[in-house]
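Using the hints, build the complex out of the two chains.
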Amino acid sequence: MTDLVVGLNGVTKQFGRHTAVDGLDLNVPRGSIYGLLGPNGSGKTTTIRMIMGILRPDEGRVALFGGDPVESARRRVGYLPEERGVYRRMKVRELLVFLAEIRGVPRPLGRRRALAWLDRLELSGWTDRKVEDLSKGMQQKVQFIATVLHEPELLILDEPFAGLDPINQDVLEGIVLDFHRRGATVLFSTHLMDQAERLCQRVCLISRGRCVLDGELREIKRRERKGVVAVAFEGPDGWLDGPEVIGREVAPDGAHLVLGEGADHQAILRRAVASGAVIHRFELVEPRLHEIFVRYAGPRGGG
Amino acid sequence: MSRLAGWGHAPSPVWAVIRREFIQRVRSRWFLFATLGVPLLIVGGAVVPIWLTSRSEAAARTVVLIDRSGELGDAVAATLGAAGYTVERAAEVEEAEARARVAEGRVGSLLVLDSTALTEARARLVSAESPSALRQLGIRQAVIQAALERQLANTSTSVERVMGGGTLEVETLRGASGGMADPAFAAAYAGSFVLYMIVLIYAVAVMRSVLEEKTNRIVEVILSSMRPWQLMLGKIVGVGAVGLTQLAVWAGVAALALATALPAALRARPELGQIAQLRSLLPDPSFFLYFVVFFLGGYFIYSALYAAVGAMCNSDEEAQQAQFPVMVLIIVPVFALVGVIEHPAAPASVVLSLVPFFSPFLMFARAVGGAAPPWQIALSIVLMALTVLGVAWVAGRIYRVGILMTGKRPTVRELWRWLREA
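Protein chains in written order, with the working numbering: chain A, 1 to 303; chain B, 1 to 422.
One should not assume that every hint holds.
Derived list of chain A stretches under chain B, where covered just means 3 residues or more per stretch with a C-beta under 8 Å from a C-beta of chain B [claimed, not checked]: (1) 41-55; (2) 81-88; (3) 97-104; (4) 289-296.
A short list of chain A residues far from chain B (calculated; beta carbon distances all over 10 Å) [said to hold, decoys possible]: (5) A146; (6) L217; (7) E234.
EDC-like cross-link-like pairs, simulated, lysine to aspartate or glutamate; straight-line CA separation at most 20 Å [unchecked claim]: (8) A:K136 <-> B:E212; (9) A:K130 <-> B:E212; (10) B:K408 <-> A:E83.
No lab work stands behind these hints, which were simulated from the structure alone. Beta carbons: idealized from backbone N, C-alpha and C, even for Gly.
Chain B extracted, bound-state conformation (with noise of 0.2 Å):
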């Protein structure tokens, strides 16, 4: 790597620095907890319980079926044996050693169809403990199913596709109109809330960074060798990459996890069927796009100004208070997302989302809510590099001069006196 972008034949310092960051903070156990645990847990939280109660419900899946109606039959069976029942059929003289063998836990369950199951739909349920509301349903649906596809024979109906709910295509002539309930833009507020909270880890961690080698006066030995901006530079690029790391984990956890784990789930639940069709309101690959093109200008904005405090403070009490004013940029979005994501084509959400300190999580959400045209996402990033370049110039002057001092904090008199004198 230093090979690469050496001046010369010696090392860059920069190298030295981003790889310094870089490692320690990979091998750290709190990155291998947030990055491999957190993901890890999620997905076994959600697919373990769904394994274990496949493997618990085997003998339960057994349906022993009595049909009354002499119609309906055949079409149930199928249509359960479908959903991954195995269905056993039986006289109706049994209907008494069924009902034994249910009890006895031999068989899961017993399913009469009434005489007027095709007229009503009717049915009984016979187990040993009450069904879960879903198998109720999946049950009751395939009854009506049956009832109705025979009743409908002769039609051209898909008795199948009107049960399923239906198709509504929905079209918009003037772009998405935003809110909670569209899909796309529950997406967009979770991203951005997720985005926010990495920028501000990420960032803080610079500022945490830069206080530490202030503080332990290793500074002194490091700026023996390099410039201070070389310092500032490799650092946040280091701790970046960490935060790429960690998302490029999370995506594989969470592409592995819908590639397998859903599928699996669903062959052990078949009546999860209908949850799948969550995977249509999954996010496309343009979301993960924005998420890293935002990421990347949100944290670089941001990580700048946070290295400008710590380099100007002497403790992290200090610390706590200077970050204030930053902190107060990077929260005024949180404040606004809901509004903006609520009405995204209002002019207040379109002017917010191109303020580039902003832009990170307010024009993310309406780009991946599909509610800003491509002309202000690109405006947007224009500003955030133009911003990303300002705000370096500015903290790379405060760095320089405030990582070396001792002493009282700056005020704001003197931070200006350090950006003129320069």
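The shape of chain A in the complex, shown without the other chains (with noise of 0.2 Å):
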């Protein structure tokens, strides 16, 4: 059996009648890079903050390096919440080293770490000034740094890439798999299916508080062959809405459909003939994690 650094066992968590989560299994290995991925409410943030130890599950066993989420386990985690706090009026350095401290890191090697950690995102520049002066993308890159001062061996990233632009997207990422190739393990959560796909190899998919599709991302692609195909045509459309496909993307020149579990898509190739549209490409492809998704959460999708 391999290491796991997180194991969720059969968890719920309701709030009054409502099911957030809904006997959940996840187990995430050391080493690797996993996703947490849903479409909103779907019941991820309530996951993460159960692992982090904040809500108590009211079923189920919730495991941290294989023990309780106690603060021993907790300070080893680097956690960024969904909803990003600072103390807006403390001096960038000082919130850095103030919460490096308290995770145990002594201060003189917080402030090195903090300097170091600034100059590499282009902060250095506002190591002095209030968190309050700064840009939002900026405070965002502040608590991002927060996070992995005390160089943890697991991440957990509740929506690390909500509102950054692409620049910034891609050096947090750059950072993520740095911290990835030197050990660490990462879970973190998102509803962007294109970042999940290049970064991830695990992934867990939650829909309405279920993990309806969980494994290695390569495994599930090969799986899911036959669930999308690329098709280029001229003529009539209408062909294209049929019982079998439940989501569709099109493109200038042609689309995308994604197939409901099971569907026989032989079917829409012959309505496509009747219809008396020209085909010139009738393929199953591999799917985008963006189609995987849809689906099984999109609306008729299997959760």
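And the structure:
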């Protein structure tokens, strides 16, 4: 059995009558980059907050480094919550040194690391400015630095790239990959599928509090090969709609059709020919994560 | 600091929290103003005018003395000289010339001792503008004193002492009686009120700090590396240290003012000598000891309560409402204060001042006023200490659950459940 950094077993969490997480199993092996994917309100943040011991599950068990998520375990985690908080009136460097100190980094070391990171993220001119003087994007970078200053073994990032411009997204992605190369495990949630596709080795797709798809991304893609058809055609397009098609993405030269579970792609082809359209291309392709996502978490998906 | 208190080699997160709270606050402009600005303004407001008038009156301090009684001139001149005047003797025929000099402002005033000065203490004062009441009083007393001294020269009467108001030694057999007229209780009243203000200010500062962390969610990050009670403890100690620092600075400024400004003022305006008796009304060192002890008791009780209030709210508006019960608790002693000071030994006063939530203000007042037997003071301190522990237990539990809770403010029943579950 692989070494699990995070393990959730039949975890359920309810808020009043609403079930936010419903019997969730989740296993994050050491050294992986794990994506927690799902639409808004699917239970990603609740799951992460249970892993961090902020919420207690109503049922099931949460294990962090093989034990309960107590502070000694949580201190080994670099946690970036979805709702980013800072002390607005503190100076940037002081905030970073403080947040490192409470995780056990001595102040002189924290100061050195903070300066190095600020330099790397091109914030060295803002070291002694108050946090509230920074732009939102800059604040987000500072928060990211705060998350990694104590060199955690596990990064848990809740929607880490939301609200960042593409350049800074790339910078942070690079840092996450860097940490991974040096042996850290990364668990992050996102609803940006392109990002997940680039970064993740393993994904768990959550819909309505349940895990609907879990495993290695490459494996999943191979398994889902039959799920997506790329077409190029001229003529009428009414045949694109049908019971088999649960999602589609139209491009200038054709379309990607996402098929429902067990759908018969031949039926679509027959309908296309019958409608009089001229088919240039009709190919089963390796689906993109986005399409798998739509297939499982969309309105008619398997949730 | 962290190395002393660390667990093993890692710095303790509690110290980090204490240091952050302390440094951030002490560095703020508000703190600098309240701590240094206010006392300096008060001292400056009192001293500068005295200093200014003393400069401008240097010329005006010269008195030309004409003695028509032929008996009292030397004595009056000596008394005025001791009071800081420069006395210039003149003959009766020179009066017109002296008047002219006064009118031109070259000398301050002309004092003419009447021929009946010895029997009626009669004199005439000529000055360019009307002299202050204090100056009139000083000059009048100098004449009276000279007359009496001459008349009673062969007796053992100490005119100076009698004139100084005599002496009334007050001995109380059953403790202080209380009332504002008693200077000790006046000090107790003022002290109590200042205590109330700073306990409230700093306890509310703790609430705001808790609320800030909760509303901006940084608390999720902080609590991923320490326990809620550690955060609460660090915050309360850090903010309390700021309060103690402020008290220390205030006490220092007051001591400095008494040591330097007061003597300087007395040199400049000798007629303030009568006011110098005020010095005997100033509280003795035990006042400051009680102040610190009861500040700590009151601050720990109320800051823990306010921390719990902050932890169960999600916004300033909510906190305004939720702090009402605590506010009532802290306001009761303020209303009771006048009654307790008027009747410090009444059973109701004793009972109220022993209630730990009220002791910081009421027992303080009775202790400073000298109306509380030592056993009552000791008992109230023990009760306060126990209450601090109890309140910390309750507030810690509310804080632990509330700090990460979002959504609706909990009802009383929910709070009760938090206490039992936690």
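Structure-based check of each hint:
Counting residues of the stretch 41-55 of chain A whose beta-carbon sits less than 8 Å from any beta-carbon of chain B gives 5, enough to reach three: the coverage restraint holds. Coverage of a stretch by a chain is defined here by at least three residues with a beta carbon nearer than 8 Å to that chain's beta carbons; for the stretch 81-88 of chain A and chain B the count is 7, and the condition holds. Judged by the Cβ-Cβ criterion of 8 Å, the stretch 97-104 of chain A is covered by chain B as claimed, because 6 of its residues qualify and three suffice. For a cut-off of 8 Å, the count of residues in the stretch 289-296 of chain A with a CB near a CB of chain B stands at 0, and the three-residue condition is violated.
Not every beta carbon of chain B lies more than 10 Å from that of A146 (chain A), the smallest distance being close to 7 Å; the non-interface claim is violated. For L217 (chain A), the non-interface assignment is confirmed: its Cβ lies about 28 Å from the closest Cβ of chain B, beyond the 10 Å cut-off. The beta carbon of E234 (chain A) sits about 54 Å from the closest Cβ of chain B, which is more than 10 Å, so the claim that it is off the interface holds. Under the criterion of a C-alpha separation no larger than 20 Å, the hint pairing K136 (chain A) with E212 (chain B) is consistent with the structure, at around 18 Å.
With a CA separation close to 16 Å, the supplied pair K130 (chain A) and E212 (chain B) stays within the 20 Å bound. Simply put, K408 (chain B) and E83 (chain A) have alpha-carbon atoms about 18 Å apart, close enough for the 20 Å limit, and the pair holds.
Going through the hint list in order, the structure does not satisfy hints 4, 5.
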